[in-house]
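A.B. asks: Quick mapping for you: the protein sequence lines, in order, are chains A and B. Take 1 as the starting number for the first sequence in UniProt numbering and just add one per residue. Take 1 as the starting number for the second sequence in UniProt numbering and just add one per residue.
Think of the hints as simulated: they come from the structure by calculation, not from any bench. Treat the hints with care, since some could be wrong.
Chain copies aren't distinguished; within one or between two, either way the pair holds.
[To be verified] Simulated crosslink set (EDC-like; lysine to aspartate or glutamate; CA at most 20 Å straight-line): (1) Lys23 - Glu121; (2) Lys296 - Glu107; (3) Lys162 - Asp308; (4) Lys223 - Asp152; (5) Lys328 - Asp317; (6) Lys23 - Asp122; (7) Lys162 - Glu298.
Protein chains: 2
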Amino acid sequence: MSEERTELSDLGEFGLIDRLAEKLNPKQESTVKGIGDDAAVISSGEQYALLSTDMLVEGVHFDLSYVPLQHLGYKAIAVNVSDIAAMNGKPSQVVVSLALSNRFSVEAIEVLYSGMRAACEDYNVDIIGGDTTASRSGLVISVSAYGTVSEDNIAYRSGAGKNDILCVTGDLGGAFVGLQVLEREKQTFLGNPNMQPQLDKYQYIVQRQLKPRARMDVIHELKELGVVPTSMIDVSDGLASEVLHLSKASGVGFSVYEEQFPIDRQTYETAVEFNLDPVTSALNGGEDYELLFTIKQEDHAKLEKHADIHFIGHSQDLEKGNLMITKKGNHVALQAQGWNHLSPDNE
Amino acid sequence: MSEERTELSDLGEFGLIDRLAEKLNPKQESTVKGIGDDAAVISSGEQYALLSTDMLVEGVHFDLSYVPLQHLGYKAIAVNVSDIAAMNGKPSQVVVSLALSNRFSVEAIEVLYSGMRAACEDYNVDIIGGDTTASRSGLVISVSAYGTVSEDNIAYRSGAGKNDILCVTGDLGGAFVGLQVLEREKQTFLGNPNMQPQLDKYQYIVQRQLKPRARMDVIHELKELGVVPTSMIDVSDGLASEVLHLSKASGVGFSVYEEQFPIDRQTYETAVEFNLDPVTSALNGGEDYELLFTIKQEDHAKLEKHADIHFIGHSQDLEKGNLMITKKGNHVALQAQGWNHLSPDNE
Chain A
1 MSEERTELSD LGEFGLIDRL AEKLNPKQES TVKGIGDDAA VISSGEQYAL LSTDMLVEGV
61 HFDLSYVPLQ HLGYKAIAVN VSDIAAMNGK PSQVVVSLAL SNRFSVEAIE VLYSGMRAAC
121 EDYNVDIIGG DTTASRSGLV ISVSAYGTVS EDNIAYRSGA GKNDILCVTG DLGGAFVGLQ
181 VLEREKQTFL GNPNMQPQLD KYQYIVQRQL KPRARMDVIH ELKELGVVPT SMIDVSDGLA
241 SEVLHLSKAS GVGFSVYEEQ FPIDRQTYET AVEFNLDPVT SALNGGEDYE LLFTIKQEDH
301 AKLEKHADIH FIGHSQDLEK GNLMITKKGN HVALQAQGWN HLSPDNE
Chain B
1 MSEERTELSD LGEFGLIDRL AEKLNPKQES TVKGIGDDAA VISSGEQYAL LSTDMLVEGV
61 HFDLSYVPLQ HLGYKAIAVN VSDIAAMNGK PSQVVVSLAL SNRFSVEAIE VLYSGMRAAC
121 EDYNVDIIGG DTTASRSGLV ISVSAYGTVS EDNIAYRSGA GKNDILCVTG DLGGAFVGLQ
181 VLEREKQTFL GNPNMQPQLD KYQYIVQRQL KPRARMDVIH ELKELGVVPT SMIDVSDGLA
241 SEVLHLSKAS GVGFSVYEEQ FPIDRQTYET AVEFNLDPVT SALNGGEDYE LLFTIKQEDH
301 AKLEKHADIH FIGHSQDLEK GNLMITKKGN HVALQAQGWN HLSPDNE
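Okay, chain A solo, but in the shape it has when bound:
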């Protein structure tokens, strides 16, 4: 081994992935798309097979002092379903690997599994396999999802053309602000274990954090409406980060309009209560698992009346960069400041 030592935090997650992916040259005829999208694509008869994988690590992605095991199980499935959704695909099966320390009882694992089964029920997915092993420390959950999509319907990150309309589903920033609430309650509880958590007021955003939903409903509706997004990604790391992914993959820039950002009232008010900027929370808060996608202008009319799809911007020449147009009309360069689990702050 060489003497050189580059810290993981110097590269960050995306830098590391880029560096590792450089040397991976897919050689199998059936590999349609390797690293670099929400899911990998494999040709498989008349359909494309989609494969995604996500790992949730205790102490990094979740804190069992406030995340109920049932919700955690639900989320582990939902985030993978979301990856398949982001390819405009339909998930059908998952395999689940667990590393467990012996502080978990069989009953606790059954509760975790009941959450997974609930998600599988909601998204019409079967758990068909897995691996169960010991862990020396925390709980690790690795889920891989299998889905399908036809060649005509697949939506890569790379397909946005110029002057496409940028859309996002649902609302943004809620999961991030919900996390702040949970963290505060944890601190309060640690300070005074007799205090009961005050979560009623924050129910929606706490739910956004603890039990995100994958937007398969939107995938089905797009199909019914005859709209195939030109590009798509799910919002796991924050809007800004995802816009930049679409930009890089598609070779176009984007303008996004602050005034169009869908921010729920509870998200907004709680952000203010926590001295957070609601817009920054929407831009850089992660884990909303909404869908961000582009459509051709001619498809606008088909989605115009959809209550849960918001038109937040448009694509443009790459040279124009990626900009947020503020309510005051200022142009601000978009920067990704989303989750980076490999940065020292998160370790």
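For chain A, the structure is supplied; the task is to place chain B on it using the hints.
C.D. replies: Frame of chain A; chain B shown alone:
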């Protein structure tokens, strides 16, 4: 949550899987086979898609004080390829998730990846995706493999008939005895850090432990010879455990003949040196990743001259049980004493 608390070690890995699987009722039409075989099976046009997953956890499955990262990478891929092989399938793609603590440098991860790439090269597999995240403690590697097999060629654990011939590839017990060598060298080194490891004499069995190979060569040869195993499993937990899996899934018993067990000379001699019984090492030592399978009697002639396939027994009425016939002619009931990563001893 109920007050009941059942320890994971009371159930063991297989017990836990059975208990969790009970409540998983596959509902998707495309799910051909869920939990309970080496890989899950999904219908996908003319072919079946195969999906397997394995998780390797530092301190449980590997000890970085003697496992080189490159070998670890190789092994992480090979064990998944072996799962696909055990369905008589051909792997083509894998996705890889890593949880890394910041004691790893980027260069170290590149070495790990170079081992994975080497395995992918050997087995004609592409790495097409993954997830990379931080870990609060040790290294966790989760690999899911995708492969295909035709409906006519698939080999489940459940297909053995009565009076089928039981075959095993390669030799057994080497990986287990190799592990004892590595553990001893570690202790010697901890006692006196100036000691250089003495591994030359044990090269074959150390290699069996550190860099197991998946027997795709045998899968290809079986195809060329026109033999479809009636049942198959890979030897990851030890011969006895795997025979019992085939027995349970197929509803037949087995007789295996001690004198037919393929044990390499180095395995045998080293076992004796370590005061281990070579036959017990072959029966209960894990991680050989050879293939254990049954064939119809009429196929015997096709494999008879194969240098690396050994005929170690036959199936029989379930009522006769699973027996080892010793060299002296005694009948001993087979018991699984293979790896159990959930038992307290391994934690």
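A.B. asks: Determine which of the earlier numbered hints do not hold for this structure and return their numbers in increasing order.
C.D. replies: The structure breaks hints 2, 3 and 5; every other hint is satisfied.
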